[in-house]
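Engineer: Sequence:
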Amino acid sequence: MGKLSNPDRHIDRMTVPEVVINRLPQYVRVLKSLISDEIQVVNSQFLGKKLQITPTQIRKDLSYFGRFGKQGRGYSVNNLLEELKQILGLNYEWNVVLVGVGRLGRAILSYPGFNPDGFHLIAAIDKNPDLFGAKISTDCWLALLRPIHF
Numbered sequence: 024m025g026k027l028s029n030p031d032r033h034i035d036r037m038t039v040p041e042v043v044i045n046r047l048p049q050y051v052r053v054l055k056s057l058i059s060d061e062i063q064v065v066n067s068q069f070l071g072k073k074l075q076i077t078p079t080q081i082r083k084d085l086s087y088f089g090r091f092g093k094q095g096r097g098y099s100v101n102n103l104l105e106e107l108k109q110i111l112g113l114n115y116e117w118n119v120v121l122v123g124v125g126r127l128g129r130a131i132l133s134y135p136g137f138n139p140d141g142f143h144l145i146a147a148i149d150k151n152p153d154l155f156g157a158k159i160s161t162d163c164w165l166a167l168l169r170p171i172h173f
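Numbered per our numbering, the sequence shown spans residues 24 to 173.
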């Protein structure tokens, strides 16, 4: 059984299977795309097609966390998205630091989708002294990580 990020929700964490928790970010991603498409209400059948799971499974997954929709009417996309973000702890902004600005680190930094909702890159650190002080974005600077000897 899995754990959820948000302790504010009154959910018996022992009853929520890990596979359900792992699907929640997929729901969030689909709901965001529906908002971009200006869709306001969605039913479990439509969500099931998008996620390639049955409408029954959608309803069962969501039932672990309460009641979100109205039978025969579907789910408010905005409300469901906000509830799922709260359940996952994505309604907070987390400051993050990227460790390592080599090839992979630079690829991550140049990827437009790197700063997902809820995460704010505040610094990147690397052991290369030539990179110290380089500006990465408007509010992120590269810091120097000194070598640690064990």
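Think of the hints as simulated: they come from the structure by calculation, not from any bench.
Worth double-checking, as some hints may not be accurate.
As the list claims (entries may be wrong) - DMTMM-like mimics (lysine to aspartate or glutamate), calculated; alpha carbons at most 20 angstroms apart, straight line:
#1 Lys55 to Glu106
#2 Lys93 to Glu105
#3 Lys72 to Glu61
#4 Lys83 to Glu116
#5 Lys83 to Glu106
#6 Lys55 to Asp149
#7 Lys73 to Glu61
#8 Lys73 to Asp60
#9 Lys93 to Glu106
#10 Lys108 to Asp153
#11 Lys72 to Asp60
#12 Lys55 to Glu105
#13 Lys83 to Asp149
#14 Lys108 to Asp149
As the list claims (entries may be wrong) - What follows is a set of in silico ranges between Cβ atoms, one per label pair, in the way DEER data are often shown:
#15 Phe91 to Pro152: 20 to 28 angstroms
#16 Ser56 to Asp153: 18 to 26 angstroms
#17 Gly125 to Thr79: 22 to 30 angstroms
#18 Asn151 to Lys83: 48 to 56 angstroms
#19 Ser133 to Ser56: 36 to 44 angstroms
#20 Ile145 to Gln94: 40 to 48 angstroms
#21 Ser86 to Tyr134: 16 to 24 angstroms
#22 Asp153 to Gln80: 20 to 28 angstroms
#23 Gln68 to Ile145: 18 to 26 angstroms
#24 Gln49 to Lys150: 17 to 25 angstroms
#25 Asp153 to Ile62: 43 to 51 angstroms
#26 Asn66 to Pro152: 52 to 60 angstroms
#27 Pro40 to Gly136: 23 to 31 angstroms
#28 Asn114 to Ile145: 32 to 40 angstroms
For every residue, glycine included, the Cβ atom is placed at its ideal position computed from N, Cα and C.
Engineer: Look at each hint and say if it fits the structure.
Structural biologist: Okay, the hints, checked on the actual structure:
1. Lys55 to Glu106: With Cα atoms ~13 angstroms apart, Lys55 and Glu106 stay inside 20 angstroms; holds.
2. Lys93 to Glu105: 17 angstroms, holds
3. Lys72 to Glu61: 18 angstroms, holds
4. Lys83 to Glu116: 29 angstroms, violated
5. Lys83 to Glu106: Distance ~16 angstroms between Lys83 and Glu106 Cα, so the pair holds.
6. Lys55 to Asp149: Violated. Lys55 to Asp149 sits at ~34 angstroms, over the 20 angstroms cutoff.
7. Lys73 to Glu61: 16 angstroms, holds
8. Lys73 to Asp60: Roughly 14 angstroms separates the two Cα atoms, so the pair holds.
9. Lys93 to Glu106: Cα-Cα ~15 angstroms, so holds.
10. Lys108 to Asp153: 39 angstroms, violated
11. Lys72 to Asp60: Cα-Cα ~16 angstroms, so holds.
12. Lys55 to Glu105: 10 angstroms, holds
13. Lys83 to Asp149: 45 angstroms, violated
14. Lys108 to Asp149: 32 angstroms, violated
15. Phe91 to Pro152: 20 to 28 angstroms: With Cβ atoms ~52 angstroms apart, the hint is violated.
16. Ser56 to Asp153: 18 to 26 angstroms: 41 angstroms, violated
17. Gly125 to Thr79: 22 to 30 angstroms: Distance hint for Gly125, Thr79 is violated at roughly 46 angstroms.
18. Asn151 to Lys83: 48 to 56 angstroms: Taking Cβ atoms as reference, Asn151 and Lys83 lie about 50 angstroms apart, which means the hint holds.
19. Ser133 to Ser56: 36 to 44 angstroms: Violated, since Ser133 and Ser56 (Cβ atoms, about 23 angstroms apart) do not stay within the stated range.
20. Ile145 to Gln94: 40 to 48 angstroms: Between Ile145 and Gln94, where Cβ atoms are some 45 angstroms apart, the hint holds.
21. Ser86 to Tyr134: 16 to 24 angstroms: Violated - the Cβ-Cβ distance for Ser86 and Tyr134, about 35 angstroms, lies outside 16 to 24 angstroms.
22. Asp153 to Gln80: 20 to 28 angstroms: Given a distance of about 52 angstroms, which is not inside 20 to 28 angstroms, the answer is violated.
23. Gln68 to Ile145: 18 to 26 angstroms: 42 angstroms, violated
24. Gln49 to Lys150: 17 to 25 angstroms: 36 angstroms, violated
25. Asp153 to Ile62: 43 to 51 angstroms: 49 angstroms, holds
26. Asn66 to Pro152: 52 to 60 angstroms: 57 angstroms, holds
27. Pro40 to Gly136: 23 to 31 angstroms: The hint (23 to 31 angstroms, Cβ to Cβ) holds, given that Pro40 and Gly136 are roughly 28 angstroms apart.
28. Asn114 to Ile145: 32 to 40 angstroms: 19 angstroms, violated
Hint check: violations occur at hints 4, 6, 10, 13, 14, 15, 16, 17, 19, 21, 22, 23, 24 and 28; the rest are consistent with the structure.
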